[in-house]
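Using the sequences and the hints given, assemble the complete structure.
Here is how the chains run, residue by residue.
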Amino acid sequence: MSANYLVRRFFSTLLVIILSSVIVFAITNVLPGDAASMVLGEHATPQDLIAVRERLGLDQNVVLRYVEWLGGALTGNFGESVAMQRPVWDVLSVAISRSLILAFSALLIVICIAIPLGVLAAARKGTAVDLVVSLFSYLGIALPEFVTASLFLTFLAGPSLGIFPAGGYASFSGDGVVDALRHLALPALSLTFILMAHISRLVRSEMIDALASDYVRTAVLKGLSRRQVLFKHALRNSLLPAVTIIALDIGYLLGGVLVVEEVFAYPGVGRLMIFAINNRDLPLIQSTAAVIAAGYAFANFGADIIYAWLDPRVQYD
Amino acid sequence: MTDLLTVENLTVDFETGDGTVRALDNVDIRVGPGEAVAIVGESGSGKSTLAYAILQYLAQNGRKVAGTVRLEGRDLSRLTRPELHMLRGAEMSVVSQDPATSFNPTLSVGRQVEEAIRVHTRLSGTALRVRALEFLRKVGLPDAETMMDKYPHQLSGGEKQRALIAAAIATGPKLLIMDEPTTALDVTTAAALVALLKDLKRSLGVAILYITHDLGIMAQIADRAYVMKQGAVVEEGTVEQIVTAPRHPYTQRLLASVPDPEAADGAEHRSAAGGDTPLLEVRDLKVSYPMRVKSGPFHWGASRLVQAVHNINLKVGRGETVGLIGESGSGKSTIARALVGLNAFNGEIALEGNFRHGREALDAAYRRDVQMIFQHPDLSLNPRIRIAELIGRPLKLQGGVSRTEINAKVAEIMRLVQLSPDLLNRFTYQLSGGQKQRVAIARAFITRPKLVICDEITSGLDVTVQKSIMELLGSLQSQFGTSYLFITHDINLIRSVANRIYTMYFGEIVEGRILENPSLPAPYHPYTEVLVKSALPPRRALTGSIETIKGELPSRLSPPRGCVFASRCPRRIGPVCDQTAPDLLPRGEQIGIRCLIETAELRRLPTL
Chain A
742 MSANYLVRRF FSTLLVIILS SVIVFAITNV LPGDAASMVL GEHATPQDLI
792 AVRERLGLDQ NVVLRYVEWL GGALTGNFGE SVAMQRPVWD VLSVAISRSL
842 ILAFSALLIV ICIAIPLGVL AAARKGTAVD LVVSLFSYLG IALPEFVTAS
892 LFLTFLAGPS LGIFPAGGYA SFSGDGVVDA LRHLALPALS LTFILMAHIS
942 RLVRSEMIDA LASDYVRTAV LKGLSRRQVL FKHALRNSLL PAVTIIALDI
992 GYLLGGVLVV EEVFAYPGVG RLMIFAINNR DLPLIQSTAA VIAAGYAFAN
1042 FGADIIYAWL DPRVQYD
Chain B
15 MTDLLTVENL TVDFETGDGT VRALDNVDIR VGPGEAVAIV GESGSGKSTL
65 AYAILQYLAQ NGRKVAGTVR LEGRDLSRLT RPELHMLRGA EMSVVSQDPA
115 TSFNPTLSVG RQVEEAIRVH TRLSGTALRV RALEFLRKVG LPDAETMMDK
165 YPHQLSGGEK QRALIAAAIA TGPKLLIMDE PTTALDVTTA AALVALLKDL
215 KRSLGVAILY ITHDLGIMAQ IADRAYVMKQ GAVVEEGTVE QIVTAPRHPY
265 TQRLLASVPD PEAADGAEHR SAAGGDTPLL EVRDLKVSYP MRVKSGPFHW
315 GASRLVQAVH NINLKVGRGE TVGLIGESGS GKSTIARALV GLNAFNGEIA
365 LEGNFRHGRE ALDAAYRRDV QMIFQHPDLS LNPRIRIAEL IGRPLKLQGG
415 VSRTEINAKV AEIMRLVQLS PDLLNRFTYQ LSGGQKQRVA IARAFITRPK
465 LVICDEITSG LDVTVQKSIM ELLGSLQSQF GTSYLFITHD INLIRSVANR
515 IYTMYFGEIV EGRILENPSL PAPYHPYTEV LVKSALPPRR ALTGSIETIK
565 GELPSRLSPP RGCVFASRCP RRIGPVCDQT APDLLPRGEQ IGIRCLIETA
615 ELRRLPTL
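These protein sequences, in sequence, are chains A and B. Everything in the first sequence is counted per my numbering, starting at 742 for the first residue and increasing by one. Everything in the second sequence is counted per my numbering, starting at 15 for the first residue and increasing by one.
Read the hints as simulated data drawn from the structure, not as lab findings. C-beta atoms are modelled at their ideal positions from N, C-alpha and C, and glycine is treated no differently. Hints should not be assumed to be uniformly reliable.
Stretch by stretch, here's where chain A covers chain B in the computed footprint (C-beta under 8 Å, at least three residues) [as the list claims (entries may be wrong)]:
| hint | region |
| --- | --- |
| 1 | 123-134 |
| 2 | 562-569 |
Residues of chain B placed beyond 10 Å of chain A at every Cβ, according to the derived structure [said to hold, decoys possible]:
| hint | residue |
| --- | --- |
| 3 | 30 |
| 4 | 69 |
| 5 | 118 |
| 6 | 120 |
| 7 | 276 |
| 8 | 358 |
| 9 | 440 |
| 10 | 486 |
Here are the simulated distance ranges between beta carbons [unchecked claim]:
| hint | chain 1 | residue 1 | chain 2 | residue 2 | range |
| --- | --- | --- | --- | --- | --- |
| 11 | B | 392 | A | 866 | 20 to 30 Å |
| 12 | A | 913 | B | 303 | 56 to 66 Å |
| 13 | B | 379 | A | 1050 | 48 to 58 Å |
| 14 | B | 95 | A | 919 | 38 to 48 Å |
| 15 | A | 768 | B | 570 | 31 to 41 Å |
| 16 | B | 570 | A | 866 | 36 to 46 Å |
| 17 | A | 756 | B | 595 | 54 to 64 Å |
See the structure below:
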């Protein structure tokens, strides 16, 4: 992987983030009506409107406002939350860290379970093992995360069992690892179901193709054991498309976070965004949307890097 | 028994959707230590199945019904899985057909060669690398150090195949199984590889089981051979006996189908040379295409125009067959594509004296008169359209022809190409390779074109099918007076049918000549000589030695200043060849030869 490739991908990621920030900013500013009346609702007095407009800087030129907002955002100043009367970044940074923990736990579970499952199903293609893995996968695809989340909530967090707490958040440093993990378990598992199905299906079909390829035949006939062939040759190539899909799934994960956080009352970015929308907190809406877009762009940047590392041909096309 | 490998009564079945198919039927073969044995046969003969059955590597739907495979007396089917892993790659190695897909694309070449050694030895670290380097050099990869760190896509096909051979022999196996190792390679690359194998056999004493459809290569490499047909061995003997005195009718038919310019058996289809005004004349044709040149810190470098072909002047007479020969990368298909308007070009193309400049000038009338048949009917014929529609479509596109007229013409042309009317409503996947190519021929001929361009149309076919296709083209030519521009890498095939041959190398015509019989008298271009000597027909291959050339095609981005063939030419004069670009000058009776060697000297060469 060349440094050039890295730099090139990095700049295109930045470009995507800037473009998405323009769209986020535009949507909340170009909508019919103005932001001040949106913030205050329909019973606002003209005096209040003028005051809010001044506070939000709505009396200035749109372009100027965007530049100011972007400049602020880049230095960590996202403005002031209207509803909470606190700097947006203070609220947002805490929420981001919690959501990241949730999203990465989910992703980790998916990678650790789905990829081996896919390999297993491919290696035992056509047997009962394959059938069970496939059934499990289709079940996962068929259940939207709010259903899975509700089922978990009913059966695993109900007062009768009470293995897991019904909701809320516990921090690793403040409340101890065990408590933190108990709070994290159900939301994270709810997020993994659909992704697990996606990725195990993909790895399975890629593995089956790879196992039928000439280079795998070459490897077998070199005298490599089945395990060496599976993991040294077939898996590496099968992971290439999986990396792309995992990066795209991060987009889904960010959406899923919204739902799951709400169901489990988990105080992350998703919940914050819903709060911001309910309270018509314009600066908070803009910032959370921009952060989610940036997270998505960086996830794909990461995927490109991993892809280039796995496949030496990439840098030449 | 001193045999290294013995296969007795081996019978293998495949379970398919249409029931059980017998792939191998009572096959008996043996290979002695250090012996080279060829298994020859056409597609479907079971020769590759045999190779992989010996390695105990059958497809999932394959089943051994009977028979034994013994290596030095050990019954291989009784080995446990770990024993089999110890044996494969150590005592018995394989190199398979397609070097492009036989390497894992994501691992470096060195790592994959080292892996083969590491599995079977205790070598690691430097010692492992040294062994890998030693064998990469042994297979004629001089720049082994850099080769180790490269990835498969950075190597040419010939280099990849050599690296695979290095991996196969580095563990010191007793038997090397080669499954059509040269089929995917150019003739000169294949010739060099065959020479390498003969050399390795001598120096390492390794026995070779060589699977091939090419009787010429069989004759060069093997001591003995088995001829297979539909899963059974029909004939065995020494190579000399099989080539000179075949006993089985199938072997006789196979040998008779191999194009051999010396076997003048009256089966020539050379048409009478055309009149004075050529049907097609090409003047100063040039095709270039943009190639991205990586430069600058962001690799956003501008694309540069590189020339695919240039200075192309050629003529096709009325009713003539003109051969355009050369290896991959020579630009022959580029010319074909330009001639039918698939590539933009500079220069002039004249059909019946009517000059046209550039692709836009190739109007509907021109396109009706100039048709093309492609190499892979599988790719050029739409698999979702019925045969009748496929063949009739050019007429429909032409317009002004009624449905019933089209149907009548389709029926007529199908009869001419010897396709049964039952096939009218079939799809291409229900046809054999030869039938598909007949559909493609019918489609090309339905507009009664004056010129048909055949782009490697027989190269994917078995020799017996190739022969029947060539006969069909001959009969269509004598019936309609059609001219052919026949693009091929097979100089033996074209020598017996062409009125004119143009030889191409690296985008240039290096030789043009007129033929009256298959012999190629001097003067000729050194590259033409190399082509002839790289692919000897079976009889010549028994005695004649093959000529091999080293090296690769020059780079398009930095084309040579002098003669394009200078870097690989066996008759190179000296530095002058790198400095001065020769012109295509008439020599003797030839249309032209692009070479710096004096005409008098070229004249002294023996007839090819």
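Cross-check of the supplied hints:
1. 123-134: holds (count 4)
2. 562-569: Contact hint for the region 562-569 of chain B vs chain A: violated, 0 residues under 8 Å.
3. 30: Label holds. Min Cβ-Cβ 16 Å, cutoff 10 Å.
4. 69: violated (6 Å)
5. 118: Violated: least Cβ distance 4 Å, not greater than 10 Å.
6. 120: Its Cβ does come within 10 Å of chain A, the nearest being 5 Å, so this is violated.
7. 276: It holds; residue 276 of chain B is separated from chain A by about 37 Å at its closest Cβ, greater than 10 Å.
8. 358: holds (24 Å)
9. 440: holds (28 Å)
10. 486: Given a closest Cβ separation of 34 Å, the condition holds.
11. B:392 with A:866: 20 to 30 Å: Holds - the Cβ-Cβ distance for residue 392 of chain B and residue 866 of chain A, about 27 Å, lies within 20 to 30 Å.
12. A:913 with B:303: 56 to 66 Å: 59 Å Cβ-Cβ, so the 56 to 66 Å window holds.
13. B:379 with A:1050: 48 to 58 Å: Between residue 379 of chain B and residue 1050 of chain A, where Cβ atoms are some 56 Å apart, the hint holds.
14. B:95 with A:919: 38 to 48 Å: holds (45 Å)
15. A:768 with B:570: 31 to 41 Å: For residue 768 of chain A and residue 570 of chain B the Cβ distance comes to about 49 Å; the hint is violated.
16. B:570 with A:866: 36 to 46 Å: This hint holds: roughly 44 Å between Cβ atoms.
17. A:756 with B:595: 54 to 64 Å: Given a distance of about 47 Å, which is not inside 54 to 64 Å, the answer is violated.
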